[in-house]
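**Student:** Keeping their order, the protein sequence lines are chains A and B. Quick note: the first sequence uses the working numbering, first residue 1, plus one each step. Quick note: the second sequence uses the working numbering, first residue 1, plus one each step.
Keep in mind that the hints were calculated from the coordinates and are not lab data. Predicted model, so just to flag it, every value in this text is computed and none were measured. Some hints could be false.
[As the list claims (entries may be wrong)] Only some residues are given here: those of chain A computed to face chain B with a beta carbon under 8 Å:
| id | residue |
| --- | --- |
| 1 | TRP102 |
| 2 | LEU103 |
| 3 | LEU192 |
| 4 | ASN195 |
| 5 | SER199 |
| 6 | THR201 |
| 7 | ARG203 |
| 8 | ALA204 |
| 9 | ALA207 |
| 10 | MET217 |
| 11 | GLY219 |
| 12 | ASP221 |
| 13 | ALA274 |
[To be verified] Simulated restraints, written as ranges between beta carbons of each label pair:
| id | chain 1 | residue 1 | chain 2 | residue 2 | range |
| --- | --- | --- | --- | --- | --- |
| 14 | A | PHE213 | B | ASP210 | 28 to 36 Å |
| 15 | A | GLY184 | B | ALA75 | 52 to 60 Å |
| 16 | A | PHE213 | B | GLU3 | 21 to 29 Å |
| 17 | B | HIS207 | A | ARG125 | 46 to 54 Å |
| 18 | B | ARG124 | A | GLY184 | 25 to 33 Å |
| 19 | B | LEU85 | A | TYR130 | 22 to 30 Å |
| 20 | A | LYS173 | B | ALA75 | 48 to 56 Å |
| 21 | B | GLY179 | A | PRO316 | 27 to 35 Å |
| 22 | B | PRO52 | A | SER166 | 52 to 60 Å |
| 23 | A | THR151 | B | ASN84 | 55 to 63 Å |
| 24 | A | LYS127 | B | ALA75 | 20 to 28 Å |
| 25 | B | HIS21 | A | PHE258 | 54 to 62 Å |
| 26 | B | HIS143 | A | VAL295 | 49 to 57 Å |
No residue lacks a Cβ here, since even glycine has one placed at the ideal position from N, Cα and C.
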Amino acid sequence: MSRPRNPRAWRGGLAAWRHGARPGLLGLLVLGAVVAALPLLFPKNYFVTVVGVTAGFNVILAVSLNLLIGYAGQISLGHAAFFGLGAYSSAILTTRYGVDPWLSMLAGLAVVFLVASLISRPILRLKGHYLAMATLGFGIIVHIVMVQAVTLTGGPDGLSGIPGLSLLGWRLKTDLHWYWLVAGVMLVVVWLSLNIVDSRTGRALRAVHGSEFAAEMMGIDTARTKAQVFVLSALLSAFAGSLFAHQQGFVSPDSFSFFVSIELVTMVVLGGMASTYGAVFGAVTLTLLKAGLVVFHDYEMVILGAILMVIMIFLPQGLFVGLTRRLRLALARRRGQPAASGDDLA
Amino acid sequence: MLEVAGLAKSFGGVAALADVHFQVPAGVVYAVIGPNGAGKTTLFNTLCGFYPPDEGSVHFESDPLVGLAPHAVAARGISRTFQNLQVFFNMTVLENVMVGCHLRSRTGLVAAAVRLPSVLREERQVREWAREALAFCGLDHLHDRPASALPYGVLKRVEVARALASQPKLLLMDEPAAGLNDTETVEMRGLIRRIRDAGTAVLLVEHNMDLVMQVSDRVLVLEYGSVLAEGTPAQIQSNRRVIDAYLGGKVAYAVD
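Please build the complete structure, drawing on both the sequences and the hints.
**Tutor:** Written as structure tokens, this is what we have:
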């Protein structure tokens, strides 16, 4: 092993990297470390290997939905439909037609790309409550098709016998294998989201949220921008859906109902809108809460609802965003700096 | 540079604009004045493609603008500021102005998502452009402040910086001095002059007559959606019809 030829250059490179790096990337390293440490420390823990995989799927879904809701400011109450379309495409093609899982996944993504592109423009002309209604309607339609098209989808009983996945000739057999795959995909999705948000496109999204009128006057094609992020969000969800189908080996309409769409929105709001890590935090928190509250049987949903209400009353910006903001303010106060306000400008 | 001919727009039978004609030459400050409800903001919104006009034509550098969406109008080299602030309150000051560079940059969704090296280069360039626009407007010290934490007078200038970041050939300013105190109004006057001197034509809607008369090269007076008079500030100030309809005693005060 040779040492770096010029330690100075190496340090300069590091400094340049740190200079160019955004605070978000540090978070990604921390997240990656936690995600990697958990199965090494607790390889047999149910909350890591089983709940952890569910949390991973939810993070992918919440982060992609957050691009649409949190950053572009466009509500969707039908996002589970895209998750479901991905899952059912994989399930139907592999079980009924014997298509290769990876090809099925590609086909599913193509289907969702078409569907999302087709509905995005007309649907995103709507705003606020009307957009919520339209996306809700879309979610319900997709759900009804899953339940009613029995010959294709298996109806309410769903489809079973979906084959597992092989990655480069290596079969994913145990829960832990799936944990590593889903965690890897999740980290990539978080990375993509961080990159998009802090870019020309991300600023355009946030501009649409801030003032659609002003965004247009700055030359942003707002209709196109909204449609783009809608399609991207749908594709990421469909990808998660395909993985989900192969991981579970079974799909049924219940996994993609209206309630799931609402849960996804809850995750985004719970963590704090317009924050990628907020969505991560919200998804993990809600998944753990649901898994932990199972012991309360019939009262599970009551307690979950109460917790959510309390959080929203006391931290309306969301758990992650609200807490980090408070922490930052407290730190600034300790250092004797004024908190970010317009005071010194008068 | 900008030629407006026979422009008409009505809302449910009320004529907000009727047969409006005027021409803005390159490199001037051209003011539009008139009482509230005279159609000034409607004129702006029609020029920007926000409302389609009922009749008439708008040409910018000989290209027709009617029928274009606002983002396409912006792409021709027209930018604007807003009467009621349309700042992106969910971003920092620098990010607001970086949005103004949208038309000068190319990065698409996919390239941004995987953060190609070319994206990083462009980001640095955009940041630099935004800093220049902020410096031009005297806001260099506020880059990282969230827009939501700044006072009204500063945000008015942030909007100007954002619009300038697109390097427009024509800047529409809708009441830039509304709500500003005297000091801020003087700063805004200086800024408008610097913008013109830098080669950008300014189409200005403003109620502060002192400011209009000091800064404008030509003035158009609207009343009930129609052109009442057009000329140099001196001509407008001595125009009997304008004094009767709009300026009234204020001119006496201004001339005083």
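**Student:** Against each hint, give a clear statement of whether it holds in the structure.
**Tutor:** Against the structure, the hints come out as follows:
1. TRP102: Violated, about 21 Å.
2. LEU103: Violated. Min distance 22 Å.
3. LEU192: 5 Å, holds
4. ASN195: Cβ of A:ASN195 sits 5 Å from chain B, so the hint holds.
5. SER199: Holds, because the Cβ-Cβ distance from A:SER199 to chain B comes to roughly 4 Å (cut-off 8 Å).
6. THR201: Holds: closest Cβ of chain B sits about 5 Å from A:THR201, inside 8 Å.
7. ARG203: 5 Å, holds
8. ALA204: 6 Å, holds
9. ALA207: 5 Å, holds
10. MET217: Constraint on A:MET217 satisfied, holds at 5 Å.
11. GLY219: It holds, given that the least Cβ distance between A:GLY219 and chain B is near 4 Å, below 8 Å.
12. ASP221: Nearest chain B Cβ about 5 Å off; hint holds.
13. ALA274: 7 Å, holds
14. A:PHE213 x B:ASP210: 28 to 36 Å: At roughly 29 Å between Cβ atoms, B:ASP210 and A:PHE213 fall inside 28 to 36 Å, so the hint holds.
15. A:GLY184 x B:ALA75: 52 to 60 Å: Roughly 41 Å apart at Cβ, these two residues miss the hinted range, so it is violated.
16. A:PHE213 x B:GLU3: 21 to 29 Å: 25 Å, holds
17. B:HIS207 x A:ARG125: 46 to 54 Å: 35 Å, violated
18. B:ARG124 x A:GLY184: 25 to 33 Å: 30 Å, holds
19. B:LEU85 x A:TYR130: 22 to 30 Å: 26 Å, holds
20. A:LYS173 x B:ALA75: 48 to 56 Å: 55 Å, holds
21. B:GLY179 x A:PRO316: 27 to 35 Å: With Cβ atoms ~29 Å apart, the hint holds.
22. B:PRO52 x A:SER166: 52 to 60 Å: 57 Å, holds
23. A:THR151 x B:ASN84: 55 to 63 Å: Between A:THR151 and B:ASN84, where Cβ atoms are some 57 Å apart, the hint holds.
24. A:LYS127 x B:ALA75: 20 to 28 Å: Because 24 Å falls inside the window, the suggested range holds.
25. B:HIS21 x A:PHE258: 54 to 62 Å: 57 Å, holds
26. B:HIS143 x A:VAL295: 49 to 57 Å: Holds, since B:HIS143 and A:VAL295 (Cβ atoms, about 51 Å apart) stay within the stated range.
Going down the numbered hints, you'll see the structure goes against 1, 2, 15, 17, while the others check out.
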